[in-house]
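J.: Chains as they are written, first to last, in the numbering used here: chain A, 1 to 369; chain B, 1 to 369.
Please note that the accuracy of each hint is not assured.
Some chain B residues close to chain A (C-beta under 8 Å, calculated; not the full set) [unchecked claim]:
| no. | residue |
| --- | --- |
| 1 | I61 |
| 2 | Q69 |
| 3 | P70 |
| 4 | A73 |
| 5 | T75 |
| 6 | S92 |
| 7 | P113 |
| 8 | G114 |
| 9 | K228 |
| 10 | T230 |
| 11 | S231 |
| 12 | I252 |
These are computed hints drawn from the structure, not numbers from a lab. Here the structure is a predicted model, which means the values were calculated and not measured. Ideal Cβ positions, reconstructed from N, Cα and C, are used throughout, including at glycine.
Protein chains: 2
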Amino acid sequence: MNKVAIVSYGNTKFSRDDKPIESLLLNSTKSLFDNTPNLMQKDIDTVLVSTNDNTKYLSAILSEIAGIQPKTAHTVESLCNSGTNSIVSAYSYIASGLANVVLVVGAERKNSPGQILEWDNSRGEYKHPIFWGSIFTKSHKREFGTTEEDLARVSAKNHKFAKDNPNAYSNKVFSIDELMNSRVLTEDLRVSDCSRSCSGASAVLIASEQVTKRFTNEPVWIKGIGQKTTSAGFTKNNSFSSMRSTVEAAKISFQMSKLSPGDIDVAEVHDAFTVCELMAVEDLRIVSKGEGRSFVKTLYETEDRKINPRGGLIGSGHPLGATGIAQVIETTQQLQGTAKKRQIQNAKVGLVHNMSAAATSSTVLILQS
Amino acid sequence: MNKVAIVSYGNTKFSRDDKPIESLLLNSTKSLFDNTPNLMQKDIDTVLVSTNDNTKYLSAILSEIAGIQPKTAHTVESLCNSGTNSIVSAYSYIASGLANVVLVVGAERKNSPGQILEWDNSRGEYKHPIFWGSIFTKSHKREFGTTEEDLARVSAKNHKFAKDNPNAYSNKVFSIDELMNSRVLTEDLRVSDCSRSCSGASAVLIASEQVTKRFTNEPVWIKGIGQKTTSAGFTKNNSFSSMRSTVEAAKISFQMSKLSPGDIDVAEVHDAFTVCELMAVEDLRIVSKGEGRSFVKTLYETEDRKINPRGGLIGSGHPLGATGIAQVIETTQQLQGTAKKRQIQNAKVGLVHNMSAAATSSTVLILQS
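If we strip away everything but chain A, and leave its shape as in the complex, we get (with noise of 0.2 Å):
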């Protein structure tokens, strides 16, 4: 089996800006190919894109006005973890020896199709993601008393952080005061609780060991790959305050990789909302369930970035196929010790937490330098 690694990347700043989806998958695309000096389009055996756009065959229209002609070019959408379903097809392509480089872009537009659920009619108003994140919020409260400040801090801490990444749609820092006052959305969110939906690309290079040399001498290997769909409708989740498709991809990566909870460096988990943080580093097993808030406080006090650390997606903004690739653009620019102001001292191993709908689905991956 071929070993596979991220060699390189390209980031573009997310934005409430409109543009056309092809620009943005274009100016990541771009921006890769200039962090690359050698690389050649004929390098590239396979072009992937992750989206919930509706435009069709946008890997071949990629792949033309970028002057690629791949192998294998096709879409991959699966709402909020399109960008890590794209990396682990990736993977699968390079590891069976389909391929040996493999180009993964994802971009989203402010407007995304993907942010509602509009294929369940039967929850008429509750479509929209903020009934879920309530609905979750509601029971970690419950469960582990989890209080309003407890969900700010995660807001302020990811905030914070997003300060030093100069691709985050947000700039601004708040305290915690500032956020417990910001608008109320639902009984149990505020306005500060939830991410956005925003333009934004990101793009990687995937490649199998007997090429990486060619493309940088800092590979970051993937190490283990999880993913589970427990189901598309998030009420049959046997609990409210667990994302038990996390737990169960969890599992399997940490399984694939030979590491362990405890070896992880940096982790990169999917905050769409703040009780999403605290939920997923609990079911990550990175701490135990209900001490994720205290966890996020010793984090935002000692100004600890292992979780986050480019402000996560309610400090970075959420572009929906952008978003998993992101993710796994930062674990790499930590494992690579090039994060700048956000660099995690000897970052050895990290994961990335990417999901859907509600986690009905999740992408559990384990890097490692």
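Got chain A; can you put chain B on it based on the hints?
T.: Frame of chain A; chain B shown alone:
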């Protein structure tokens, strides 16, 4: 590397009836379960949906309504060769060791948004596929002396073969004269030269060598995979009488399989228009360039089903995301000896040719019993 085989399938009738995409997906999945007595939902590691439908998260939705909780689940889109793209992904998930059993389901509604090249605004009315079909036809006529009768014969043959395909859209047989008098669409195309978009769904079960015996005694092995995307706009083709992506995909696929065009007993080729069948048999090197029309004449006169035994896209209908899967199912039935009235004697090696958007992308699969 794990060996990978097609081990079961589920077919549904292609028709003009409009049905929800979820029903189409589920019906073909049910048919697959009916055909596979030993298959349990928990056996399925990965669910891939092939479609151009704009509904998001269809792989999770199908999984939930079919009672499956897969690891990996996502949608694959590449216009008309979405189907074989998803089969290639299934192969790579299994060959790389990420999965043992993959369910691939392709489905399309008759009014699929993938029919028109909406992304290329510069084409004006020429967005509609009949215009590239016309240009290919004019070019093939000019270069090889192809006549209206040669084209009508492709349509007559495929309608004749479709009569024995219980899932075909069309069950009418036409004389060459009748077809040569069908409605004129452009200077070079009649309505009988065109495949029809329709509703339909097809499902296949793909498995690793170590588990094939649980599902079938007649696995059909995926021996060759070739794909090429040359552009997104067909005007970049070097020639309009040859499909470069098909030529290159075939080369890659034959090389991987260590087989040659002379080994092919049966082929499903992508006859989006009548001229495409002539071009395909030539570009796949089943016959020399320019000999497609005399080859098809012999097939028609001798009722030899070597090319498009189920009636091709012209006879069977073309529900975009399902087409590549349906082609693989037909080839599987031929190689298992279960194609009934359509059966080619002693078929051992089959080829599937599936393409997108004026042959700007092609997939060539080689299957062996």
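J.: All the hints need checking, so say for each whether the structure fits it.
T.: Against the structure, the hints come out as follows:
1. I61: holds (4 Å)
2. Q69: holds (6 Å)
3. P70: At 5 Å from the nearest chain A Cβ, B/P70 passes the 8 Å test, so the hint holds.
4. A73: Holds, because the Cβ-Cβ distance from B/A73 to chain A comes to roughly 4 Å (cut-off 8 Å).
5. T75: holds (4 Å)
6. S92: holds (4 Å)
7. P113: With Cβ-Cβ at 7 Å, under 8 Å, it holds.
8. G114: At about 5 Å, which falls below the 8 Å cut-off, the nearest Cβ of chain A leaves the hint on B/G114 intact, so it holds.
9. K228: Constraint on B/K228 satisfied, holds at 6 Å.
10. T230: holds (6 Å)
11. S231: holds (5 Å)
12. I252: holds (7 Å)
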